[in-house]
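Chemist: Sequence:
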Amino acid sequence: MSTLPLFLLNPGLVTNPVAGVSPPSDFLNDLIAISMVLFMLSVIVEKITALIRKYAPFKMGMWLSKRNVKFWQNIGKKSPLKQVPLKKIIEREVYSLSFIIGLFIAVTFRVDLFRMISAENAKDVLFWTKPKWDSYDGFWDTLLLVISLGLTGFFLTFGSKFFHDLLETLFQVRDVKQKLQDENTFNQGSIASFDEFFKTSYATMVDTAITQNQQLLTSPDMIGPPRHGKMLKNGQWVDCIEIHLTGAATGTIPPSVVATLNSGQKVSVPVNIISDIGTIKVLSSQGDTVDATTNPTYQGTICCRIVGPDTVKKLLTCSHVIVGGSGKNFFGAISPPIAAQVGGIAGAQFVWAQCDISHDMALLTAADNAFNYAIQPGKPRVLGAPDLMKTVTVVRQGGNTIKGKIVNYCVTDKIPIRYTEGFLGVINLIVLSNVTTNGDDVTYVTLTAGGDSGSAVYDTNNNPIGMIIAGDDKFSYALSLVSVLNSIQSTITT
14 MSTLPLFLLN PGLVTNPVAG VSPPSDFLND LIAISMVLFM LSVIVEKITA LIRKYAPFKM
74 GMWLSKRNVK FWQNIGKKSP LKQVPLKKII EREVYSLSFI IGLFIAVTFR VDLFRMISAE
134 NAKDVLFWTK PKWDSYDGFW DTLLLVISLG LTGFFLTFGS KFFHDLLETL FQVRDVKQKL
194 QDENTFNQGS IASFDEFFKT SYATMVDTAI TQNQQLLTSP DMIGPPRHGK MLKNGQWVDC
254 IEIHLTGAAT GTIPPSVVAT LNSGQKVSVP VNIISDIGTI KVLSSQGDTV DATTNPTYQG
314 TICCRIVGPD TVKKLLTCSH VIVGGSGKNF FGAISPPIAA QVGGIAGAQF VWAQCDISHD
374 MALLTAADNA FNYAIQPGKP RVLGAPDLMK TVTVVRQGGN TIKGKIVNYC VTDKIPIRYT
434 EGFLGVINLI VLSNVTTNGD DVTYVTLTAG GDSGSAVYDT NNNPIGMIIA GDDKFSYALS
494 LVSVLNSIQS TITT
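The number in this note's numbering is simply the position in the sequence shown, starting from 1, with 13 added.
Where hints are given, some of them may not hold.
Heads up, simulated DSS-like pairs for lysine-lysine below, C-alpha to C-alpha not over 25 angstroms straight-line [what the hints assert, rightly or not]:
no.	residue 1	residue 2
1	212	60
2	294	246
3	392	294
4	246	427
5	403	392
6	403	416
7	294	279
8	341	212
9	326	136
10	60	246
11	294	174
12	403	212
13	403	427
14	341	403
15	326	416
These aren't lab readings, by the way, just hints derived from the structure by calculation.
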């Protein structure tokens, strides 16, 4: 294992949650975000430098010598290794050109390194606007801006490989720091078991613990399977087995279970029980966005506009919106189409729908002006373990938005959802909630209400990640948008 800087491993860098407020972002995550920005910009600098060296539209030596400025007269040359002086001259000219280009990029994109470090979200610092320009008030602000842009231009000359390696190191440091705060780290009996513990992800440990302790993780009130989640322990978010109960009967579920790794080493995995969540129901109710004219009081929300193999633009929502909360499966194309209205305006038609163990989605055709995005969508993406407790935005009916957290990124087994004719188990759901904390106590409140079926879920970078289909008193449930789009061979469009 490589040696890592101890100051980056300091647990004090992880902040404790304040009552009623989500914990601030980790400084290490801020460094990762900044490094990602610099990595992308360094690639741009490299490409522009290479382009100028190869395709310079003039004879540099002749043009510059007339002006007694010869800094870059050798930049297009290729020096044999034996010509050391010429090689050093070329390297110096390349670095100076890279610095000029890097400085230009930093100024153009407003890559203010100092403000990126102190900002809550590094990407919010980028790009010039009048309020951002006016924020530099006085001599010292201007001086710091000049120094910051100069440093950024200098750092961009390091090259993309440097930032790629830096990112790899920062990700490793983040993982190690988390493991150093785990009591299991200090219970290892040998170097081999210690290395295995460090190399085993928490997602794998939790899945192993669930598989090996199924008989202990049961309760009459349990709804859905045990899953990978996060809980607060001594002021820190830690990975755990999460169990949801409709009532308060915890049965014989223990506060923690033991998982045995491949080497035979045993690790303790905590269990987080969340009780009294109520019944999970579909959310087609009195909404204001989309409905079938045959069931106008059962309405839902438009998720996004998509285009498929037939190149016809369609709107995406939930299948149960068409039939008043029913789990009826249309098995694809609807013939004849079912009349619909969007925002109270008639003329739309439901043309395709499917509702089964892994789908609850419908497509309708409508006029281009029938739907407008509240958030311009980026590239859809799949969630993973690192997304637990990350912030999301749900665009509800009428374009209203609400922020929440990712509680479970993908529950692979069935979660029972009540439709009008009974319960239907749905797999691979994302679980969301409004999460607030008070010490180690966590409160969960649902993000959605009736009429929000079909609502789009976005991450902090405006990448769409899910579509709401159901909710209970504490949680909202969404299908993975990537899974939905793949199943209908479609992409999001504007």
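Chemist: Starting from residue 212, check that the Cα of residue 60 is at most 25 angstroms away, please.
Modeler: 36 angstroms, violated
Chemist: Sort out whether residue 246 lies within 25 angstroms of residue 60, counting only the CA atoms.
Modeler: 47 angstroms, violated
Chemist: With a cut-off of 25 angstroms on the C-alpha distance, tell me whether residue 392 and residue 294 pass.
Modeler: The given pair, whose Cα atoms are some 29 angstroms apart, is violated under the 25 angstroms limit.
Chemist: Are the Cα atoms of residue 403 and residue 416 separated by 25 angstroms or less?
Modeler: This hinted pair holds, its Cα atoms lying about 10 angstroms apart.
Chemist: Given the hinted pair residue 403 and residue 427, is their Cα-Cα distance within 25 angstroms?
Modeler: 23 angstroms, holds
Chemist: Holds or violated: residue 403 with residue 212, Cα cutoff 25 angstroms?
Modeler: At roughly 23 angstroms apart (the allowed maximum being 25 angstroms), residue 212 and residue 403 satisfy the hint.
Chemist: What's the verdict on residue 341 and residue 212, does the C-alpha distance respect the 25 angstroms limit or exceed it?
Modeler: With a Cα-Cα distance of about 46 angstroms, the restraint between residue 341 and residue 212 is violated, given a limit of 25 angstroms.
Chemist: Is the straight-line distance between the alpha-carbon of residue 403 and that of residue 392 25 angstroms or less?
Modeler: Holds. Residue 403 to residue 392 sits at ~17 angstroms (cutoff 25 angstroms).
Chemist: Compare the distance between the alpha carbons of residue 246 and residue 427 with 25 angstroms, and conclude whether the hinted pair is satisfied.
Modeler: The given pair, whose Cα atoms are some 28 angstroms apart, is violated under the 25 angstroms limit.
Chemist: Decide if the proposed pair is consistent with the structure: residue 294 and residue 174, CA atoms, cutoff 25 angstroms inclusive.
Modeler: Given pair residue 294, residue 174 is violated - Cα atoms ~50 angstroms apart, limit 25 angstroms.
Chemist: Next pair to validate is residue 341 with residue 403; report whether the Cα-Cα distance is within 25 angstroms.
Modeler: 34 angstroms, violated
Chemist: Please work out if residue 294 and residue 279 have their alpha carbons no farther apart than 25 angstroms.
Modeler: 39 angstroms, violated
In the structure shown, a violation is registered for the earlier hints numbered 1, 2, 3, 4, 7, 8, 9, 10, 11, 14, 15, in ascending order.
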